[in-house]
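A.B. asks: Taken in order, these protein sequences are the chains called A and B. Position one of the first sequence corresponds to residue 16 (our numbering), numbered consecutively onward. Position one of the second sequence corresponds to residue 3 (our numbering), numbered consecutively onward.
FYI, nobody ran anything at the bench for these hints, they're computed from the structure. Check each hint, because a few of them may be wrong.
What the hints assert, rightly or not - Derived PhoX-like pairs: lysine-lysine, alpha-carbon spacing no greater than 20 angstroms straight-line: (1) B/Lys684 with A/Lys228; (2) B/Lys50 with B/Lys100; (3) A/Lys285 with B/Lys684; (4) B/Lys9 with B/Lys662; (5) A/Lys138 with A/Lys69; (6) B/Lys488 with B/Lys131; (7) A/Lys164 with B/Lys488; (8) A/Lys164 with B/Lys9; (9) A/Lys285 with A/Lys27; (10) B/Lys110 with A/Lys164; (11) B/Lys100 with A/Lys30; (12) A/Lys228 with B/Lys107; (13) B/Lys110 with A/Lys228; (14) B/Lys684 with A/Lys282; (15) B/Lys9 with A/Lys189; (16) A/Lys452 with B/Lys733.
As the list claims (entries may be wrong) - Counterexamples of contact, computed for chain A against chain B with all Cβ distances above 12 angstroms: (17) Lys138; (18) His188; (19) His229; (20) Pro244; (21) His327; (22) Asp379.
Bear in mind the structure is a predicted one, so any value in this text is a computation, not a measurement. Each residue gets a CB set at the ideal place from its N, CA and C atoms; glycine is no exception.
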Amino acid sequence: MIEFILNNNKIKTDKPNGSLLVDFIREHQHLKGTKIGCREGDCGACTVLVGESKKGKMEYQQIPSCLTPMGNISNKHVVTIEGLNMESLSPVQQSFVAESGTQCGFCTPGFVVALSQYCLSHKASNYDNAIASMSGNICRCTGYKPIEKTALHVTKALKNKDTDQTIQWLVDHKYIPTYFNAIPKRLSELKKEIKKETSGILVGGGTDLYVQKHEHLIDLEVDLISDRPDLKYIKIDDYTFYLGSALTVTDLLESKAFCGIFSKLSKQMKLISSAMIRNVSTLAGNFVNASPIGDMTAFFIALNARIILSNHKTTRTILLKDFYKGYKDLDLSKNEILTEIQIDIPKVNGHFNFEKVSKRTHLDIASVNSAALIIEKNGIIEKAHISAGGVGPIPLYLEKTSNYLQGKALTKEVIIEANEILQSEISPISDIRGSEKYKRLLLRQLFFAHFIELFQINLLG
Amino acid sequence: MKNIDSKGHVTGKSIYLDDIPTIQGTLYAAVYSSPSAHGIIQSVDYSKALALFGVEKILTFDDIKGENQIGGIFPDEELLAEKEVHFQGQPIAVVIAKSESIAFKARKLIEIDILEKEVIIDAREAQKKGQLIMPPRIFKSGNLDLAWSVCEYIFEGRASSNGQEHLYLETQGAYAIPLENGNIKISSSTQGPTAVQRAAAKVLDVGMHNIEVDVVRLGGGFGGKEDQATPWAIMAAMGVQILNKPVKLILSRMDDMKMTGKRHPYDSDYKIGLSKDFKILAYEVHFYQNAGAAADLSPAVLGRTLFHATNAYHIPNTRLTAYSCKTNLPPNTAFRGFGGPQGMFVIEAALAHAAKKLKISTHILQKKNLLKTGDEFPYGQIAEGVVLNKLWSDLDSKFDLKAVENRIHNFNQENTYSKKGFSLMPIAFGISFTKTPMNQARALVHIYSDGTVGISTGAVEMGQGVNTKMLQIAASSFGIHPNKVKLETTNTTRVANTSPTAASATADLNGKALLKACTALLERLKNSVAIKFDVNIDNVSFENDLVYIDNVPTEMTWEQLVDQAFLERVCLTENGHYATPIINFDMETQKGHPFAYHVFGLALTEVTVDCLRGTYEFDAVKIIHDFGKSMNPSVDMGQIEGGLVQGMGWMTLEEIRYNKEGRLLSNTLSAYKIPDIYAVPKEIIVYPVETEGSEMAILKSKAVGEPPLMYGIGAYFAIDKAVMAFNPNAKLEMSAPFTAEKVLMGLY
Ligand SMILES: Cc1cc2nc3c(=O)[nH]c(=O)nc-3n(C[C@H](O)[C@H](O)[C@H](O)COP(=O)(O)OP(=O)(O)OC[C@H]3O[C@@H](n4cnc5c(N)ncnc54)[C@H](O)[C@@H]3O)c2cc1C
Ligand code: FES
Ligand code: FES
């Protein structure tokens, strides 16, 4: 039995935990405001909110209900457009009307729900965050300009939001219905899901699995890892980070410690999927999915990350870069779970950069990505770790290039020479994300970009 | 007035096809389609699929009682393939089961054996092999051969534009239910209810009167549901005919992308000749349209390519030849602009090419050759009410082109890794269906005895706000509050023999029909008042829900008047019929006056290219647009911005890819990218230009659906300029879309 609260209603259901939230909402509950535009997480028509009580505060995130297994919303509060409706329109809804932010309307509930998440956040209001909240939502009619105006409008209206008492403030100002106030208490009264025998399939956020084989999974009980506290933590010991494998990209972004080290993280992560997908997609899922263009994979390979793999009996540690043996072929045995990621942060002189280019800059899979960690002292490269994705059957650690750079002076000539080596290490193929020639050229450019971004070396002149 | 659907949309209460409450016993259908792009079906084994629990029936061509034919213009397209398949995704069978997931599972169990035949995906190759949908169509004007000899400059080249996926957010679908006596009601997500009704009747071998098609609204159409909503509706109706149970068929996104046609890719050869002072004297083009495997609307789309081949320019001597080439792709179809954009892209490419060679700015050539009132189009229509020069000077005075040029030049001097470019894009777009008989519409108006009003027209609401405009017309005609007026669904039983909601002409046609109906009702009501108060009928008017005499309100309310008229047995229902006057076209000579009027506009696009990574961002698009007298500025503005961004998507990100075997590679939203909120220009400014409008436009408010899409073409040429600023030696093919890949390859 899965128990949760859907809008203002307590739900108890014996649906398999691998079945999809969107189908439950639309077919079982007949709540038709949540739309289906793609079933692949790429349009946002199905966006709903999921809320959990964290440190005494309700935290709401927007998620793709088309990829969310029911088990992942157990004991949580799910809000659909119907759950936001009140007697009169909320300021978010009013702004969409006033700014003509809706035409055919099919995308609109998703946008309204996503922008409501922005209202529900405990951060001070800020236009960029308002737009980011809708980064997973696609509209084919409006050209987005009226939606931007809506975001601006709402941002202004939220200027005096009391971020200590967000929910109460929003209820008082008629952004959300009053029932929201009682949700924390009602959630605490729900019964935990009782584990049934499962199929043994591990599911994190489901953003890879459900895109690839949703028909196969929807009738199954699966092993969910996203809500396991033992896999969701950030620990820091001296200069080492220990990251639970179920952490999402959003979790990293919310971590002050992590952002303290990676000062450009939010800019870099903005290039990865959308707010909605980042909220649910796990590090483990990204690594194990083994896509040659996994962004977090490229990111962590360049950090020379270690991963911990364990089954019931044993635990072992390997380097992430050694995890990949061939196309979708991993150094992972049947019962193993990826539990933890470890990275050592250089004590001094470390410089890190992440680059990604895709056809559409946001919410798109990379044509090529690359990350670089360079330890530099007095113009000499003491150590370099360069990764690259989209240029071979697996996410690559550019071993030869990295080795070549070690001990070299940071000069234009060295970098140009390093690119020659780099080109010999990769084997891109022509596909939908670009021709072989393009990918080679693009990786050269991104490799150059690391040095231009980090050291302002002029590589053109 | 805001779009009357807005409130329903923002609360999620608006009903789309898949939201219609299902009747108990409803069955679900999934389409089984060809895995091969061309071949002969040897055998299909349905046994495993049929054996799956919950499968009720698998429909094949054998189950068709009437004709297995859905071709709209030519009868060349089977609903369900019999022997030969012509594209991957061509429907072969329909699995009907107790649930959607069973239907999908069963579909996977179908086994087919196909004898593969040669696959052609390229238009030129098809043309070479004589694979044409119809004979080439040619427009000629002036004396081209003579003109070449007096040209100072002649440039020849090639330009191509790729297709475009409609990506209406709501996929195709239909829900058919049995009525009594073998009648069937189909709810369809279609722009053409009559097309669905007509084709369904033919396939099911029943009368059109046996089929009722009803449309509430579409979650986007853009032309993709003009002709291609039909097959799914018929399949559902066939299920009803055979099983006598409701059948619902909703395409998954992947099925939709795979099975339906898109904007036509075009490949073209152009030759342009200029005089010494840069007047275009001669223009010759061969257009190769990739029609896909069946005619669908391709012949009509091809026509519009020719009509718009010279865009907003006057060119006295032309020969424009267009081939509709038959390939093994899904039949390509209507898409906002309907072939016009493809034609315009070529002339813009030719001008950009000429400007590069002449080492001048393209806009000098553009300005020099702008169309003027009195100029003749290659198809014989004399241009009227042309405001292009005014638009140009308005734009210049508002944004100072010289300053823009200098600013960009300076920026490019100062920045190594970042270059800017700008372009101008004028448009002249003809309004009317180019097939004259389609320019007709009807509207049915009931005034109920309590004074409320119900309106049915042939217009389909798909976000463009046509229902809002209809409501405005009725409310303002009767002088009553808009909340007394209701727009009914679009239904073939109430309004018959409709033209599809397309060609930007829907508000004009249906609005004029509605206006006629309202006017007739007004006459009768005024007459009733005139008799009662013993005044002349001309002195009666209605305003603010009251009866006015000599422009002074009386005590009599609208409700009282209607009640009185009803008791007097005045007919309170009217059916208005409108057929656009004047327009004509002679297919023999390819000359005539096909358009009621033209819409004009001019866009300035500015882009910044990241020359390190090959990516780009649009800084601004500034538009001066000829709305005529816009009857709803907020709705019309939405069309401009939305159309622009859609056009920019076509020119930049949106890349349809098929492999050699005719398999769609860009078959999901993760592989096919339309603009997202970060991809749109940082600034879009739209200024209306003061013009008279056209008498042929509804309330002089010019059609606005399609024209703005073509502003997007400016995006291509702005990028081109920025790339050239970085690498003046770039050998750029004129080949849209200008993806990040093409940019980087051009930069280095
Ligand atoms: C719209 C959209 C956009 C996307 N954009 C990007 C992008 O920009 N960049 C990018 O890199 N990716 C992108 N992705 C892919 C995906 O979101 C990421 O790969 C994500 O990190 C996967 O995480 P998950 O938790 O959702 O994985 P899941 O789908 O839950 O799982 C993926 C795989 O990992 C296995 N697995 C999960 N947890 C463990 C564990 N602890 N131990 C062992 N195996 C495990 C699962 O069994 C499965 O095989 C996108 C996906 C979508 C739908
Ligand atoms: S339906 Fe498109 S994101 Fe879920
Ligand atoms: S309003 Fe139609 S998709 Fe956004």
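A.B. asks: All hints are to be evaluated individually against the structure, with a verdict given for each.
C.D. replies: Against the structure, the hints:
no.	hint	in the structure
1	B/Lys684 with A/Lys228	violated, 38 angstroms
2	B/Lys50 with B/Lys100	holds, 16 angstroms
3	A/Lys285 with B/Lys684	holds, 17 angstroms
4	B/Lys9 with B/Lys662	violated, 47 angstroms
5	A/Lys138 with A/Lys69	holds, 15 angstroms
6	B/Lys488 with B/Lys131	violated, 55 angstroms
7	A/Lys164 with B/Lys488	violated, 30 angstroms
8	A/Lys164 with B/Lys9	holds, 18 angstroms
9	A/Lys285 with A/Lys27	violated, 36 angstroms
10	B/Lys110 with A/Lys164	violated, 46 angstroms
11	B/Lys100 with A/Lys30	holds, 19 angstroms
12	A/Lys228 with B/Lys107	holds, 12 angstroms
13	B/Lys110 with A/Lys228	holds, 13 angstroms
14	B/Lys684 with A/Lys282	holds, 18 angstroms
15	B/Lys9 with A/Lys189	holds, 17 angstroms
16	A/Lys452 with B/Lys733	holds, 16 angstroms
17	Lys138	holds, 19 angstroms
18	His188	holds, 17 angstroms
19	His229	violated, 10 angstroms
20	Pro244	holds, 32 angstroms
21	His327	holds, 34 angstroms
22	Asp379	violated, 6 angstroms
Checked against the numbered hints given earlier, this structure breaks hints 1, 4, 6, 7, 9, 10, 19 and 22; the rest are met.
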